[in-house]
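Student: Residue-level listing of the chains:
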Amino acid sequence: EAGVAQSPRYKIIEKRQSVAFWCNPISGHATLYWYQQILGQGPKLLIQFQNNGVVDDSQLPKDRFSAERLKGVDSTLKIQPAKLEDSAVYLCASSLRLAGNVRNEQFFGPGTRLTVL
Amino acid sequence: KQEVTQIPAALSVPEGENLVLNCSFTDSAIYNLQWFRQDPGKGLTSLLLIQSSQREQTSGRLNASLDKSSGRSTLYIAASQPGDSATYLCAPLGGAGSYQLTFGKGTKLSVIP
Numbered sequence: 279e280a281g282v283a284q285s286p287r288y289k290i291i292e293k294r295q296s297v298a299f300w301c302n303p304i305s306g307h308a309t310l311y312w313y314q315q316i317l318g319q320g321p322k323l324l325i326q327f328q329n330n331g332v333v334d335d336s337q338l339p340k341d342r343f344s345a346e347r348l349k350g351v352d353s354t355l356k357i358q359p360a361k362l363e364d365s366a367v368y369l370c371a372s373s374l375r376l377a378g379n380v381r382n383e384q385f386f387g388p389g390t391r392l393t394v395l
Numbered sequence: 050k051q052e053v054t055q056i057p058a059a060l061s062v063p064e065g066e067n068l069v070l071n072c073s074f075t076d077s078a079i080y081n082l083q084w085f086r087q088d089p090g091k092g093l094t095s096l097l098l099i100q101s102s103q104r105e106q107t108s109g110r111l112n113a114s115l116d117k118s119s120g121r122s123t124l125y126i127a128a129s130q131p132g133d134s135a136t137y138l139c140a141p142l143g144g145a146g147s148y149q150l151t152f153g154k155g156t157k158l159s160v161i162p
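Heads up: the sequence lines are chains A and U, in that order. Following our numbering, the numbering of the first sequence begins with 279 at its first residue and continues without gaps. Following our numbering, the numbering of the second sequence begins with 50 at its first residue and continues without gaps.
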């Protein structure tokens, strides 16, 4: 079974530029998550989708970050404009079951390392 | 807000030793708890998932326990190998009225040949 795919793997941009990340979850997984991991920290949830709908975006900086999941499969996360503090690894994860299910197990992609200069 | 603490932050052991990694969390109203490993520059690999009603789970040389009422989980690694060197993260699902995974900062393990 193929895992969670993400691209690009690395991205370097200057502050105030825009950037987009792409994620393809495991086939059949209805729930998709985007996390931000700053160096030395654990991942922090940015947004969670259930099929096409947003379940939780309480920690997404909505003035500069946006995300969408078209047709309940692939997802893109965009940052516009980027700031220096956005330098981090952006991880995508997916799960078969709903987030409130005791058997909800999340599987992560390799991540995109973003450097903002 | 759920908070997760992992102790120790770093651990170095000789090959073959058994070891225990500790995780504590502040809100016991969780659905489950996952243990992950993360290799440098890589994503997270799921190791074990313990449902809220379970006390422990085993996979090969790994054994994870959960004491939900006291907000604690441990990951036991038997007969450690250099390939076990990585950062280990625990993440309870839920707590504080959320459906989120909350991560600790992890324990960085080095197994010396």
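Derived from the structure by calculation, the hints contain no laboratory data. Glycine residues also receive a C-beta, built at the ideal position from the N, C-alpha and C atoms. Take the hints with a grain of salt, since some may be wrong.
[Stated by the list, open to error] No more than 27 Å apart at the CA atoms, straight line, and that leaves these computed lysine-lysine pairs for BS3-like:
| no. | chain 1 | residue 1 | chain 2 | residue 2 |
| --- | --- | --- | --- | --- |
| 1 | A | Lys289 | U | Lys50 |
| 2 | A | Lys322 | U | Lys50 |
| 3 | U | Lys157 | U | Lys117 |
| 4 | A | Lys340 | U | Lys154 |
| 5 | A | Lys340 | A | Lys289 |
| 6 | A | Lys289 | U | Lys154 |
| 7 | A | Lys289 | A | Lys356 |
| 8 | U | Lys157 | U | Lys50 |
| 9 | A | Lys361 | A | Lys289 |
| 10 | A | Lys293 | A | Lys349 |
| 11 | U | Lys117 | A | Lys356 |
| 12 | U | Lys117 | U | Lys50 |
| 13 | U | Lys154 | A | Lys361 |
| 14 | A | Lys322 | A | Lys340 |
| 15 | A | Lys322 | U | Lys117 |
| 16 | U | Lys157 | A | Lys293 |
| 17 | A | Lys340 | A | Lys293 |
| 18 | U | Lys117 | A | Lys289 |
| 19 | A | Lys361 | A | Lys322 |
| 20 | U | Lys157 | A | Lys322 |
| 21 | U | Lys157 | A | Lys340 |
[Unchecked claim] One side of the interface only, derived from the structure: several residues of chain A facing chain U at Cβ under 7 Å:
| no. | residue |
| --- | --- |
| 22 | Ala298 |
| 23 | Ala377 |
| 24 | Glu383 |
Student: Quickly compare the C-alpha distance for U:Lys117 and U:Lys50 to 27 Å and report which way the hint goes.
Tutor: The hint holds at about 16 Å.
Student: Given the hint that U:Lys117 pairs with A:Lys356, does the C-alpha gap stay at or below 27 Å?
Tutor: violated (37 Å)
Student: For A:Lys322 and U:Lys117, compute the direct alpha-carbon distance and say whether it is at most 27 Å.
Tutor: holds (22 Å)
Student: Does the alpha-carbon distance linking U:Lys157 and A:Lys340 stay inside the 27 Å limit?
Tutor: violated (33 Å)
Student: When you check the alpha-carbon spacing of A:Lys289 and U:Lys50, does it fall within 27 Å?
Tutor: Roughly 32 Å between the alpha carbons, so the hint for A:Lys289 and U:Lys50 is violated.
Student: Holds or violated: U:Lys117 and A:Lys289, Cα atoms, limit 27 Å.
Tutor: Status violated; Cα separation ~40 Å.
Student: A:Lys289 and A:Lys356: Cα distance at most 27 Å?
Tutor: This hinted pair holds, its Cα atoms lying about 13 Å apart.
Student: Given the hint that A:Lys322 pairs with U:Lys50, test it: the Cα-Cα distance must not exceed 27 Å.
Tutor: holds (13 Å)
Student: CA of U:Lys157 to CA of U:Lys50, is that 27 Å or under?
Tutor: holds (25 Å)
Student: Would the pair A:Lys340 and A:Lys289 pass a check requiring their Cα atoms to be no farther apart than 27 Å?
Tutor: Holds, at roughly 21 Å.
Student: Does A:Lys293 lie within 27 Å of A:Lys340 when you go C-alpha to C-alpha?
Tutor: This hinted pair holds, its Cα atoms lying about 17 Å apart.
Student: Taking only the CA atoms, is the gap from U:Lys157 to A:Lys322 under or equal to 27 Å?
Tutor: holds (18 Å)
The earlier numbered hints that this structure contradicts are 1, 10, 11, 16, 18, 21, 22.
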